[in-house]
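K.L.:
Modelling step: build the complete structure from the supplied sequences, incorporating the hints.
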Amino acid sequence: MTEDNKFEEFLKTKAQDYNAPPVRVPRDEMWAAIEAKRAAGPRVVYGGGATYMVGQRRFGTRMWLGAAAAAMLLVATGVGIGRWTATPSAPPAVATTQPQTPASVTPSVTGEQTGTPLSSPIQPAENGPSMVASSSGTNTGRPVHQGTTQPRSSAPGNGPQVALAPAGSSSAYQLTTVQHLSEAEALLTSFRTRSNTDQQMDAQLGAWARQLLSNTRLLLDSPVANDPQRRPLLQDLELVLVQIVQLSPGSAPQDRELIEKTLQQDHVMTRLRTAIPAGTQRGS
Amino acid sequence: MHMVAYETQSSVNDIQLITRVVAGDAAAERELYETYVDRIYRLAFRLAGDDELARDFTQATFIRAFEKIGSFRGESSLSTWLHSIGVSVALNGLRKTKRQRSREAPIEEGITIGSARVEAEPDLKERLARAIDSLADKYRTVFVMHDVEGYTHEEISGTLNIPIGTSKSHLFQARSKLRVLLADFAPEWVS
Chain E
1 MTEDNKFEEF LKTKAQDYNA PPVRVPRDEM WAAIEAKRAA GPRVVYGGGA
51 TYMVGQRRFG TRMWLGAAAA AMLLVATGVG IGRWTATPSA PPAVATTQPQ
101 TPASVTPSVT GEQTGTPLSS PIQPAENGPS MVASSSGTNT GRPVHQGTTQ
151 PRSSAPGNGP QVALAPAGSS SAYQLTTVQH LSEAEALLTS FRTRSNTDQQ
201 MDAQLGAWAR QLLSNTRLLL DSPVANDPQR RPLLQDLELV LVQIVQLSPG
251 SAPQDRELIE KTLQQDHVMT RLRTAIPAGT QRGS
Chain X
1001 MHMVAYETQS SVNDIQLITR VVAGDAAAER ELYETYVDRI YRLAFRLAGD
1051 DELARDFTQA TFIRAFEKIG SFRGESSLST WLHSIGVSVA LNGLRKTKRQ
1101 RSREAPIEEG ITIGSARVEA EPDLKERLAR AIDSLADKYR TVFVMHDVEG
1151 YTHEEISGTL NIPIGTSKSH LFQARSKLRV LLADFAPEWV S
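Here the protein sequences line up with chains E and X, keeping their order. Using the numbering used here, read the first sequence as starting at 1 and increasing by one per residue. Using the numbering used here, read the second sequence as starting at 1001 and increasing by one per residue.
Bear in mind the hints are in silico, worked out from the structure with no lab data behind them. Heads up, the beta-carbon is just placed ideally off N, CA and C, and yes, glycines get one too. Be a bit skeptical, because a hint or two may be false.
[To be verified] Partner residues aside, some chain E positions facing chain X, computed with beta carbon under 8 Å: (1) T2; (2) K6; (3) A15; (4) Y18; (5) R24; (6) K37; (7) A39; (8) A69; (9) R192.
P.N.:
So, in structure tokens, the structure goes:
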């Protein structure tokens, strides 16, 4: 017998004491525990169905919670980076050239108006849609889009040509947007503070909201909507404005509450105020 | 050793047993359990070295087996399939336990270091146990199954889902490491 064989024999003999199990196997106790655990967990369905034990379910839940936390962290990081990179490094410059391509929302901003808030944010463009003062008796000086609502899709020669928009026009669009958002904030503030029984006020707010709705849609079709922060805000604003427009005078309080709820849930007011730089002239 | 008897007669009996279990026969479940529980528990105990852990692993093995028996395709024997679940449950459970214990290690280490000075040189049994414990899981499992519990390489191969050659290689590695670790006791096996 070689030394290797002797060692193997020696090992086999001596290793019998390694973690030696008890002579009596606790069969009944273990079976009782198995039955109890199976009774406590979901009913077993044979065939590899969706069955799981309590422990596994906890593990799965923990896994999902971890994954959800990781996803949230990822999203938060992404949003943070997005906000950080979206912040302009230099003060916003005003366009010095008139946009050549007709856009649905074409702010009339010249070098003379540099740094000066616009009194009327959305001016009729030469080839753009007709924007005239309100003739409804509530002449607030706000522009009104006459006729049907501008379609959302950018038809050639009709909507804004994002790819063809001059680079210098972006600042003008920014200013226009800020003015528009200021006005929207004013409307929403008025809406929230109005009396529930004032039907005349409701009608005026409805007309005002309709004007802002048109402009919101135009902005959504403009290069402004390329901004990842502005677009969702404008979309949420559009929704709220639609609700206000549809609110007929003397409508049920529940309808108003619904609008209020939308405002609160989406934090529209907060986001509007965040989007409007400090010192900007607010709407009426 | 003991397993061979099961393997040769398991085919027909196992198929009938599985069919009954899948049909929801509670008596068949108990019969399956009674047939295999001893070996599963023994192996779990050998790997865990602790009665409570061995019980937990055995229970988890059968619970999982009852859950999945409908998907058993008979590609291996029922015994091999059950042992495969058992070893998987035990090794995963031990890894988890080790992680928990490693977190508590600082206190335990202090005690061990303090007492080691006063303790005498451990005897062969203790040294062997420590040496086996120090083996990597894959070597220790094959060694325990083959040299301690008497499984064949074919059975180990089926249970651990590794080639027979790998099983042999792991056993060789395990023995070689043990031989180095137990060199002090060489006169005992040479004589």
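K.L.:
Are the hints correct? Go through all of them and say.
P.N.:
Going down the list of hints, with the structure as the test:
With a cut of 8 Å, the hint placing T2 (chain E) at the interface with chain X is violated, because the nearest CB-to-CB distance is about 11 Å. Because the beta carbon of K6 (chain E) sits about 5 Å from the nearest beta carbon in chain X, less than 8 Å, this interface hint is met. Interface hint status for A15 (chain E): upheld, as the beta-carbon distance to the closest one in chain X is roughly 5 Å, under 8 Å. For Y18 (chain E), the interface hint holds, the least distance from its beta-carbon to any beta-carbon of chain X being 5 Å, beneath 8 Å.
The restraint placing R24 (chain E) at the interface with chain X is violated, with a minimum CB-CB distance near 10 Å, outside the 8 Å limit. Here the hint on K37 (chain E) is kept, as its CB sits about 6 Å from the closest CB of chain X, short of 8 Å. The restraint placing A39 (chain E) at the interface with chain X is violated, with a minimum CB-CB distance near 11 Å, outside the 8 Å limit. Nearest Cβ of chain X to the Cβ of A69 (chain E): about 21 Å, over the 8 Å cut. The hint is violated.
With 8 Å as the threshold, the beta carbon of R192 (chain E) stays out of range of chain X, its nearest partner Cβ sitting at about 55 Å, so the hint is violated.
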